[in-house]
Amino acid sequence: MDSSNLLSVVTFVYGLAAILYISSWIFKKTLPGLLATWTAFLGAMGNAAGIIMRWVESYKLGIGHAPLSNMYESLVFFSCTIAVIYLVIERTYKNRIIGAFAMPIVFLSIAYASLSPNIRDQIQPLIPALKSNWLIAHVMACFLGYAAFAIAFGISLMYLFKQRDKDGESYLLSHFPELSVLDNLTHQMVTFGFLFLSIGIITGAVWANSAWGSYWSWDPKETWSLITWFIYATLLHARMMRGWHGKRIAYVSIIGFLAVMFTYFGVNLLPGLHSYAQ
Amino acid sequence: MKKENESADFFSRLWNFFASIRLTVVLLLSLAVTSMVGTFIPQNQSPAAYFHEYGEFFYKILSVLNIFDMYHSWWFQLLLLMLTINVIICSLNRFSTTWKIVFVKIPPFSVAKFRSLSTKEEFTSKRPIKELKKKCEDIASKKFSYCRVEQTDKGFFIFAEKGRWTRLGVYAVHFSIILLLIGALTGSIFGFEGFVNIPEGETVNSIELRKTGQIHNLDFGIRCDDFSVSFYETGAPKEFRSTLSIIEDGKSVLKEDIIVNDPLRYKGINLFQSSYGMLPPEKITLNIVSRETGMAYKKTAKIGQPIEIPEGMGTLVIKDYRDSFNYKSLSLGETFIGILNKKDGNSINIILPLHFDSFDKMRKGDFIFSVTEYDNRHYTGLQVTSDPGVLVVYSGFIVMIIGCFGTFFMSHQRLCIEIAKSGNNYKVIVAGTANKNKLGMQARVKRLSQNLARL
Ligand code: HEM
Chain A
16 MDSSNLLSVV
26 TFVYGLAAIL
36 YISSWIFKKT
46 LPGLLATWTA
56 FLGAMGNAAG
66 IIMRWVESYK
76 LGIGHAPLSN
86 MYESLVFFSC
96 TIAVIYLVIE
106 RTYKNRIIGA
116 FAMPIVFLSI
126 AYASLSPNIR
136 DQIQPLIPAL
146 KSNWLIAHVM
156 ACFLGYAAFA
166 IAFGISLMYL
176 FKQRDKDGES
186 YLLSHFPELS
196 VLDNLTHQMV
206 TFGFLFLSIG
216 IITGAVWANS
226 AWGSYWSWDP
236 KETWSLITWF
246 IYATLLHARM
256 MRGWHGKRIA
266 YVSIIGFLAV
276 MFTYFGVNLL
286 PGLHSYAQ
Chain B
53 MKKENESADF
63 FSRLWNFFAS
73 IRLTVVLLLS
83 LAVTSMVGTF
93 IPQNQSPAAY
103 FHEYGEFFYK
113 ILSVLNIFDM
123 YHSWWFQLLL
133 LMLTINVIIC
143 SLNRFSTTWK
153 IVFVKIPPFS
163 VAKFRSLSTK
173 EEFTSKRPIK
183 ELKKKCEDIA
193 SKKFSYCRVE
203 QTDKGFFIFA
213 EKGRWTRLGV
223 YAVHFSIILL
233 LIGALTGSIF
243 GFEGFVNIPE
253 GETVNSIELR
263 KTGQIHNLDF
273 GIRCDDFSVS
283 FYETGAPKEF
293 RSTLSIIEDG
303 KSVLKEDIIV
313 NDPLRYKGIN
323 LFQSSYGMLP
333 PEKITLNIVS
343 RETGMAYKKT
353 AKIGQPIEIP
363 EGMGTLVIKD
373 YRDSFNYKSL
383 SLGETFIGIL
393 NKKDGNSINI
403 ILPLHFDSFD
413 KMRKGDFIFS
423 VTEYDNRHYT
433 GLQVTSDPGV
443 LVVYSGFIVM
453 IIGCFGTFFM
463 SHQRLCIEIA
473 KSGNNYKVIV
483 AGTANKNKLG
493 MQARVKRLSQ
503 NLARL
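Chains A and B, in that order, are what the protein sequence lines are. Quick note: to get my numbering, add 15 to the position in the first sequence (first position is 1). Quick note: to get my numbering, add 52 to the position in the second sequence (first position is 1).
Heads up, some of the hints might be wrong.
To be verified - Calculated cross-link-like contacts (lysine-lysine; reagent style DSBU-like; alpha-carbon spacing at most 35 Å):
#, chain 1, residue 1, chain 2, residue 2
1, A, LYS181, B, LYS172
2, B, LYS490, A, LYS262
3, B, LYS165, A, LYS181
4, A, LYS146, B, LYS319
5, B, LYS490, A, LYS181
6, B, LYS490, A, LYS109
7, A, LYS146, B, LYS187
8, A, LYS109, B, LYS194
9, A, LYS181, B, LYS488
10, B, LYS413, B, LYS351
11, A, LYS109, B, LYS195
12, A, LYS109, B, LYS214
13, A, LYS44, B, LYS498
14, B, LYS187, A, LYS109
15, A, LYS146, B, LYS263
16, A, LYS109, B, LYS290
17, B, LYS290, A, LYS75
18, B, LYS303, A, LYS146
19, A, LYS262, B, LYS165
20, A, LYS146, B, LYS290
21, B, LYS172, A, LYS109
22, A, LYS109, B, LYS165
23, B, LYS152, A, LYS109
24, A, LYS262, B, LYS498
25, B, LYS157, B, LYS498
26, A, LYS262, B, LYS488
27, B, LYS488, A, LYS109
28, B, LYS498, B, LYS195
29, A, LYS43, B, LYS498
30, B, LYS498, A, LYS181
31, A, LYS262, B, LYS214
Since the hints were derived computationally from the structure, they do not count as laboratory data.
Sequences are here, hints too, so could you generate the full structure?
Laid out in structure tokens, this is it:
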């Protein structure tokens, strides 16, 4: 079994975990919830093992490099980080409903990587521009940031659902964490994501400077990451200094995540080039 | 007098305008939205391309607004400038308050404030006061960097705090933004960006600037001693490597290999491996077959110099080399073009594609020409940059990361433990505040109080 096969299996494990989380939320049963946690944990372990195997395989092929060099590898890493961050939150807050919103993102990301015909899962040799330790730092930091933003996005959605039901009548929403907890979690995830997005942009700039001699050239991918940064900076200032809370913050966090998605997927559709695209 | 008032009034209104966080939000969002434009409209193409794409009317409008180089347009730079002024004024506005909080010898504590906290923890203890005091002091001084005890009639207070300086994190972040702008400005004024192609074995002293196309002279020469390119089995490029020498006063002072991601830096100028290519050959070897006699001849020809054709049939000049050549919509690739001057005074074009040896057969002439050898020399394509602002920008990067970390994940935490005799026992109150992550602080206070109560 090679890493691609293992990661395909992991895709289904995550899918199962997502279904279990959703059913434990809808049917309010503990057993599926407990199973969901263990399944998600298993998935995350398999995911991490897959990444390490792929690393080893690349060395066996004589083209050794960290498995963070193309779309497939970055999506796989993305899934793993969301799953891990989510499991930490679940442990801290003792609430599994967030899983019903986070685990589907984990599943979709790795499923897209494994199943989309546009994404090659072979291990490819690195072209000269990608041979840099800054690149590894860059990709890791960006995806840690994106993972936190993805979770903030899921929690913001939960916030918006919950606040529409002020009287607590809805059966589905009754076990959601308190609004204030959701609001606070969104903020925490955004600050975490913002720090890593900043580190990601910075390491990317340093990498560009070592490869091309200019740390910033306004290419669409760079520009979109900066747009994302501006949006989340707005969120932080509005919240810290102007007292925005709740709904408005949830909306900005959702818009921010759409910008993340565009930075990642949409930019490839634009004119111009980023050597890391594809 | 009135005038002075007016100008003071104007000044303070300007100050207030720039001291507003609402302006920050507006500017950040404006930057986010306007930045998108330049990603949908490709930047810095030729005017003709834009004209073709958008038509005359929109071309004129867009070019008046500088949309085709929008990140360097006056209005975009104005937004950045306003953001910078905004950060500076805002920070100045609040800095003195923060300064007073951060740099005090004896941090003030307000007992009333702690007592009025709704999140305070309370319990009673039967322990002797000495023991209680020691335990409280131990815990507080272990967990907090500052700790002091104050005696009261009924007992004592312990005040403790830590992370006062983390209040400066924001200013570090904002300062880093100023550093980035200064660095970028320095780079754009005093730096340059250009490129040069150097054939193997040759030396250059000047480069071509990217923006203006002007020639820029360097204080030293760059010689390309060697260039090599290697490929993976898949055909993808593996490594481009140039061996470069720096020449000063005719002597080589430094020799180094560069590859992509590992440039050569010399006297503030950076040389990056960026591209490569083949030089047009100067000398080729031709195979010439006579149809009549079947004899084959080998001849070397220099570009532009006529050679005699065997059997006294005339002369051939290799005129030109093309990287690609199309013949009747057939793409032939690298090709030499020659002129055959026949003995009878007629001259015809000869086409010699490198990859199609028998192409000249189709001409059905007296001789069939083909290229057997040609000298191939690489040239290395270097990106040459100088950016005296990079160090400032990089220090901005570091300050920003540290500042962000301090702002987001550390806080100024204060703790107050009050112990007062009530009846035969002691009443203990534990309360704490933090300027950020208040829920986290609540949990810490609770844990601490449980710790003490278990005594
Ligand atoms: C890199 C990320 C940034 C972080 C983490 C950050 C953080 C903060 C924080 C925590 C405050 C509250 C200060 C206080 O409590 O005294 C603040 C205020 C402010 N920030 Fe930022 N900021 C960042 C970037 C920016 C940028 C890009 C601007 C652009 C103008 C900006 C402008 C302001 C302004 C005007 C204030 C209010 C004045 C002040 O308290 O100093 N910040 N920022």
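Hint check results:
Restraint check for LYS181 (chain A) and LYS172 (chain B): the C-alpha separation of about 29 Å stays at or below 35 Å, so the hint holds. At roughly 20 Å between alpha-carbon atoms, LYS490 (chain B) and LYS262 (chain A) fall within 35 Å of each other, so this suggested pair holds. Using a Cα cut-off of 35 Å, the hinted pair LYS165 (chain B) and LYS181 (chain A) holds, with the two alpha carbons roughly 33 Å apart. A threshold of 35 Å between alpha carbons decides the hint, and for LYS146 (chain A) with LYS319 (chain B) the separation of about 26 Å falls inside it, so the pair holds.
Between LYS490 (chain B) and LYS181 (chain A) the CA atoms are separated by roughly 25 Å; this keeps the pair inside 35 Å, and the hint holds. With a C-alpha separation of about 19 Å, the suggested pair LYS490 (chain B) and LYS109 (chain A) falls inside the 35 Å cut-off, and the hint holds. Straight-line distance between C-alpha atoms of LYS146 (chain A) and LYS187 (chain B) comes to about 56 Å, which puts the hinted pair past the 35 Å bound. Restraint check for LYS109 (chain A) and LYS194 (chain B): the C-alpha separation of about 30 Å stays at or below 35 Å, so the hint holds.
A C-alpha spacing of about 28 Å is found between LYS181 (chain A) and LYS488 (chain B), which places the hinted pair at or below 35 Å, so the restraint holds. For the given pair, LYS413 (chain B) sits about 18 Å from LYS351 (chain B) by alpha-carbon distance, which is consistent with the 35 Å threshold. Pair hint LYS109 (chain A) plus LYS195 (chain B) holds up; C-alpha atoms about 27 Å apart against a cutoff of 35 Å. Restraint check for LYS109 (chain A) and LYS214 (chain B): the C-alpha separation of about 29 Å stays at or below 35 Å, so the hint holds.
Using a Cα cut-off of 35 Å, the hinted pair LYS44 (chain A) and LYS498 (chain B) holds, with the two alpha carbons roughly 31 Å apart. Proximity of LYS187 (chain B) to LYS109 (chain A) is assessed by CA-CA distance (about 32 Å); at most 35 Å being required, the pair is judged to hold. Restraint check for LYS146 (chain A) and LYS263 (chain B): satisfied, since their Cα atoms lie roughly 28 Å apart, inside the 35 Å limit. Between LYS109 (chain A) and LYS290 (chain B) the alpha-carbon distance is near 50 Å, which puts this suggested pair outside the 35 Å criterion.
Taking the CA atoms of LYS290 (chain B) and LYS75 (chain A), the gap is near 17 Å; set against the 35 Å cutoff, the hint holds. Distance check on the hinted pair: LYS303 (chain B) and LYS146 (chain A) sit about 33 Å apart at the alpha-carbon level, within 35 Å; holds. Distance restraint check for LYS262 (chain A) and LYS165 (chain B): the Cα-Cα separation of roughly 31 Å lies within the 35 Å cut-off, and the hinted pair is therefore satisfied. Restraint check for LYS146 (chain A) and LYS290 (chain B): satisfied, since their Cα atoms lie roughly 10 Å apart, inside the 35 Å limit.
For the suggested pair LYS172 (chain B) and LYS109 (chain A), the alpha carbons sit about 24 Å apart, so the restraint of at most 35 Å is met. Between LYS109 (chain A) and LYS165 (chain B) the CA atoms are separated by roughly 32 Å; this keeps the pair inside 35 Å, and the hint holds. Using a Cα cut-off of 35 Å, the hinted pair LYS152 (chain B) and LYS109 (chain A) is violated, with the two alpha carbons roughly 41 Å apart. With a CA separation close to 30 Å, the supplied pair LYS262 (chain A) and LYS498 (chain B) stays within the 35 Å bound.
For the proposed pair LYS157 (chain B) and LYS498 (chain B), the alpha carbon gap of about 29 Å is at most 35 Å, so the pair holds. For the suggested pair LYS262 (chain A) and LYS488 (chain B), the alpha carbons sit about 21 Å apart, so the restraint of at most 35 Å is met. The straight-line distance between the Cα atoms of LYS488 (chain B) and LYS109 (chain A) is roughly 23 Å, inside the 35 Å bound, and the hint therefore holds. Between LYS498 (chain B) and LYS195 (chain B) the alpha-carbon distance is near 14 Å, which keeps this suggested pair within the 35 Å criterion.
For the hint pairing LYS43 (chain A) with LYS498 (chain B), the CA-to-CA distance comes to about 31 Å; that is within 35 Å, so the pair holds. With a CA separation close to 30 Å, the supplied pair LYS498 (chain B) and LYS181 (chain A) stays within the 35 Å bound. In summary, the hint linking LYS262 (chain A) to LYS214 (chain B) is supported, as the alpha carbons are separated by about 33 Å, within the 35 Å threshold.
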